[in-house]
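J.: These are the residues of each chain, in order.
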Amino acid sequence: MAEAHPVGFQWVMEAKRRGATVIHVDPRFTRTSAVADLHVPFRAGADIAFLGGLIHYVLDNELDFREYVTTFTNAAEIVGEDFADADATGIFSGYDPETGRYDPISWQMEGGGYEAPAAGMRDHWEPELREHHAAHASDTAGGAGEQAHAPADPPRDDTLQHPRCVYQVLKRHYARYTPEAVASVCGMSTEQFLEVARAITRNSGRDRTTAWVYSVGWTHHTVGAQYIRAAAILQTLLGNMGRPGGGILALRGHASIQGSTDIPTLYDLLPGYIPMPNAHLHEDLRSFLDADAAKTGFWGHMDAYLVSLLKAWWGDAATPENDFAFGYLPRLTGNHGTYGIVRDQIDKKTFGYFLVGENPAIGHANGKMQRLGLANLEWLVVRDMQMIESASFWKDGPEIETGELRTEDIGTEVFFLPCANHTEKSGTFTNTQRLLQWRREAVHPPGDARSELHFYFHLGKRIREKLAGSTDERDRPLLDLTWDYPTFGVHAEPDPESVLAEINGFDADGDHLSSYTQMKADGSTSAGCWIYTGVFKDGVNQADRRTPGSEQDWVAAEWGWAWPANRRTLYNRASADADGRPWSERKAYVWWDAEQGSWTGHDVPDFEATKPPSYRPPEGAHAEDALSGTDAFIMQADGKAWLYAPTGLADGPMPTHYEPVESPVANLLHDQQDNPAREDIDRAWNRLNPAMSETYPYVFLTYRLTEHHTAGGMSRFLGYLSELQPEFFCEVSPALARERGLEHLGWATLISARTAIEARVVVTERMKPLRIGDHVVHQIGLPYHWGSNGLSQGDPANDLLGVVMDPNVHIQESKVATCDIQPGRRPRGPALLEFVESYRRKAGVEPGGIT
Amino acid sequence: MGARTWLGEWPIFRQATGPDPLGRGAAVQSPRTQALGPRTADADEVVKSVCPYCAVGCGQNIYVRDGRVTQIEGDPDSPVSRGRLCPKGSASTSLVTSPTRVTTVRYRRPYATEWEDLDLDTAVDMIADRVIDARRRGWQDTDDDGRVLRRTLGFSSLGGATLDNEENYLIKKLFMALGAIQVENQARI
Ligand code: SF4
Chain A
341 MAEAHPVGFQ
351 WVMEAKRRGA
361 TVIHVDPRFT
371 RTSAVADLHV
381 PFRAGADIAF
391 LGGLIHYVLD
401 NELDFREYVT
411 TFTNAAEIVG
421 EDFADADATG
431 IFSGYDPETG
441 RYDPISWQME
451 GGGYEAPAAG
461 MRDHWEPELR
471 EHHAAHASDT
481 AGGAGEQAHA
491 PADPPRDDTL
501 QHPRCVYQVL
511 KRHYARYTPE
521 AVASVCGMST
531 EQFLEVARAI
541 TRNSGRDRTT
551 AWVYSVGWTH
561 HTVGAQYIRA
571 AAILQTLLGN
581 MGRPGGGILA
591 LRGHASIQGS
601 TDIPTLYDLL
611 PGYIPMPNAH
621 LHEDLRSFLD
631 ADAAKTGFWG
641 HMDAYLVSLL
651 KAWWGDAATP
661 ENDFAFGYLP
671 RLTGNHGTYG
681 IVRDQIDKKT
691 FGYFLVGENP
701 AIGHANGKMQ
711 RLGLANLEWL
721 VVRDMQMIES
731 ASFWKDGPEI
741 ETGELRTEDI
751 GTEVFFLPCA
761 NHTEKSGTFT
771 NTQRLLQWRR
781 EAVHPPGDAR
791 SELHFYFHLG
801 KRIREKLAGS
811 TDERDRPLLD
821 LTWDYPTFGV
831 HAEPDPESVL
841 AEINGFDADG
851 DHLSSYTQMK
861 ADGSTSAGCW
871 IYTGVFKDGV
881 NQADRRTPGS
891 EQDWVAAEWG
901 WAWPANRRTL
911 YNRASADADG
921 RPWSERKAYV
931 WWDAEQGSWT
941 GHDVPDFEAT
951 KPPSYRPPEG
961 AHAEDALSGT
971 DAFIMQADGK
981 AWLYAPTGLA
991 DGPMPTHYEP
1001 VESPVANLLH
1011 DQQDNPARED
1021 IDRAWNRLNP
1031 AMSETYPYVF
1041 LTYRLTEHHT
1051 AGGMSRFLGY
1061 LSELQPEFFC
1071 EVSPALARER
1081 GLEHLGWATL
1091 ISARTAIEAR
1101 VVVTERMKPL
1111 RIGDHVVHQI
1121 GLPYHWGSNG
1131 LSQGDPANDL
1141 LGVVMDPNVH
1151 IQESKVATCD
1161 IQPGRRPRGP
1171 ALLEFVESYR
1181 RKAGVEPGGI
1191 T
Chain B
1157 MGARTWLGEW
1167 PIFRQATGPD
1177 PLGRGAAVQS
1187 PRTQALGPRT
1197 ADADEVVKSV
1207 CPYCAVGCGQ
1217 NIYVRDGRVT
1227 QIEGDPDSPV
1237 SRGRLCPKGS
1247 ASTSLVTSPT
1257 RVTTVRYRRP
1267 YATEWEDLDL
1277 DTAVDMIADR
1287 VIDARRRGWQ
1297 DTDDDGRVLR
1307 RTLGFSSLGG
1317 ATLDNEENYL
1327 IKKLFMALGA
1337 IQVENQARI
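Chains as they are written, first to last, in this note's numbering: chain A, 341 to 1191; chain B, 1157 to 1345.
A few chain A residues facing chain B, derived, Cβ under 7 Å: (1) Gly697; (2) Gly767; (3) Met1054.
Label pairs and their in silico Cβ distance ranges: (4) Asp893/A x Arg1180/B: 33 to 41 Å; (5) Asp824/A x Arg1224/B: 31 to 39 Å; (6) Ser855/A x Thr1189/B: 50 to 58 Å; (7) Asp1281/B x Asp824/A: 15 to 23 Å; (8) Asp893/A x Gln1190/B: 41 to 49 Å; (9) Pro1163/A x Ala1191/B: 49 to 57 Å; (10) Arg371/A x Leu1178/B: 22 to 30 Å; (11) Asp1198/B x Val375/A: 35 to 43 Å.
The set of hints was computed from the structure by calculation and includes no laboratory data. Ideal Cβ placement from N, Cα and C applies to all residues, glycine included.
The following block holds chain A by itself, in its conformation from the complex (with noise of 0.2 Å):
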């Protein structure tokens, strides 16, 4: 944290210095682990060994915050009686090896209707789930259509007794987590897991709290989403949810990549975390929305959240008697993610690329596969303001290096359109925090600098007139459109807060929404994006707001705004007891006032004000009426956190250590090797290192430097960030030196299946030497900053990495894999290529190519 997001880390050495304890887990010491008051240095890829040995540590102790567990979540809930844990297997019921996929229905609470998650997975189960529960749905479910509703009543045990309880289920599941097991895995010692495990545990409760943080460290590997469900279980077993000081933090890594999965630049959602309607199950809005929104609460309202969207695109045009143009979207059949669109790019079976502000020639797992795509297409348009290497691969890749590809051969037209930086366009970011913050524009931007919104304002009016009088069915989204916004200056450039407003939302005479609660399903009012609709309450762009911190309280609600309705910390309603009353007066946060009648306290309450705690829903009620008043998580069916997950996942219920796909190790808690249900892409330009590999035998990890951003394209370029880290290099311990001849500031060669690469050696003590089992693990720690262009150069890390795919989110398994390292600098042009191949022989594994 102190690396990456180095301002951010003055709040925890405040916390340090009001009396926290700081404990940095990570296979890297840095400047983090220097200040912490312990460091533990553990294996990459092994965290849910590491987060389930600490479940295990506190069911085994009964050391949960009882009261908060039985008030906020599913524990005392029963499981069915289909359902086969992981046990030894390390296979829960319901897996086909035939397609390496799970069938969640075994995995159901008992009685239960068809309970849809939050969020997640919600459009992707076969339709058999569905169908499976619509045929047992009984009439206290609400009757046909009507599956989604969690149970009124569902059978539980408040003493935590019965066998299949979901508290029992757990514990049953991580019983083989224990201290020196998981220690074994991590390479840690016992008593260093144990020293972990007694300052979480000591920590949390009603007067005190623990919060933990990550950033892709956690996302980027097979089971990235089940890392994230690991920390969620503990958390919640321990109180620290909805409550100060409490909470899993992610950090992320973008100026606005909170907002642009908010407002999703991504191909599974509508914004505002409205699923993308797929062709398999959907045909039209009432469908769409049975199958996929809960019935109970806030979820409930989907249908106003839905209608709302339809008609900030498409107005007038969207009307009852056409679904609010719902047919207009188009449709989902599976997974068309970044990595699935760029092998299609390499078979020609699209065409066009727009490149906004990434370089994935540098930035993503697998250069040369992004590289490959990008040599295959028709014509590229890449939007930035450095000559990043994305746009010149053409003419100066590797590839053209190794004389795979040759300039002359390649067809992609390429576009390269300068753009406008923050300092010269108005809009919001939305922080990591979920804050929006508006920027006001300082300067014009020069030469053929435009911002986004003026290329793709005025693109999308281009395209339109080119279409004009069209009657093609297949062009009214497109002309029915709401595109007319006001604009300014001499190059037009639209009114960023014209458009602010629409995401925010409009009643039906036409005054901004203040919250998302007005909204209707009637087609009276419209939002572009649910959960924002506040930010331009009574007309104001509250994310302008610029109170100066010194005179707030510590919630400082009057900077910027957060969403949801400008609440700072989620869920918490959990900072309360059942009855409504702060955990501890060191811990208050919200509250019910008896008095007033309502919640009230320091941050605005995530609860409806005025539902009393004694609130009980009555039979057959909707949407957040069918939440009770102990009911905190409340997008949840059932307003419980999932300590146990029956639907939402791809691979289990409960996370479930897998070693990484190529791992140095076995896995010893379980006999499956790594995720089942994980995603491949089986080609010649994504060969992978076998587990377990004499040929590979080193485990690299990917980081970042504080002195550099990303891919590198805002920071390679410039003077001061250039010298401050000046060369790519690559971290290893004085053990692995010895035992390879590299010379600290000498060169050495990375070797993968996919390529070899070379960097610069620090040899240094910050990397330690695991033990594992019978096995010493050595890890390399290489920054993935470098490219050709630029000030600073260098070869780009990620070129080391193959494509593995976690099966929920398909994010690729990029913070852990293996490699061999030689002193000396890699070979040049073919040479490189039978370099490579020769190490891919000596494996057993299949030869590479460009096809």
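Based on the hints, put chain B with the ligand in the right spot on chain A.
T.: Just chain B with the ligand now, kept in the frame of chain A:
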């Protein structure tokens, strides 16, 4: 110049006798450095902004003179950052004034070995034609089972995490209207 004056202007003397014993301020100033002022002092305008690098979202004050950015400092008002910037945020001035920044359209014809110039308006028009063409060729009305797809796989987009919310919104909206489902960004990486 008398010896006293000469001595009085000698930095080591001033350091030893004056209020700046560490020699970090007045003691080591020359008439030239005395005349220097910070770039922030003569700005026409200070504009409120946010750091463009990571997602901490540190506040920035942009100092502008004669229509140009002259300096970027941390914004002390921000409760997120309290005026601090890390090395990247502190380098923002060199980001926005970089001499290697490309400010004109560059165009590479298929199979060409060099870049060419191209007029921006022409470029946007050519891109619009290519979008329409790729959209048509990649169009799918239904799948093999007759289920409605109403989409194109002819082109795709990557990027968004460095952009504004308003910009991501327009990209998503336009691509959905075009039937183009292949929109992705850094959040998948
Ligand atoms: S100054 Fe540094 S920590 Fe702050 S937002 Fe910028 S990059 Fe992140």
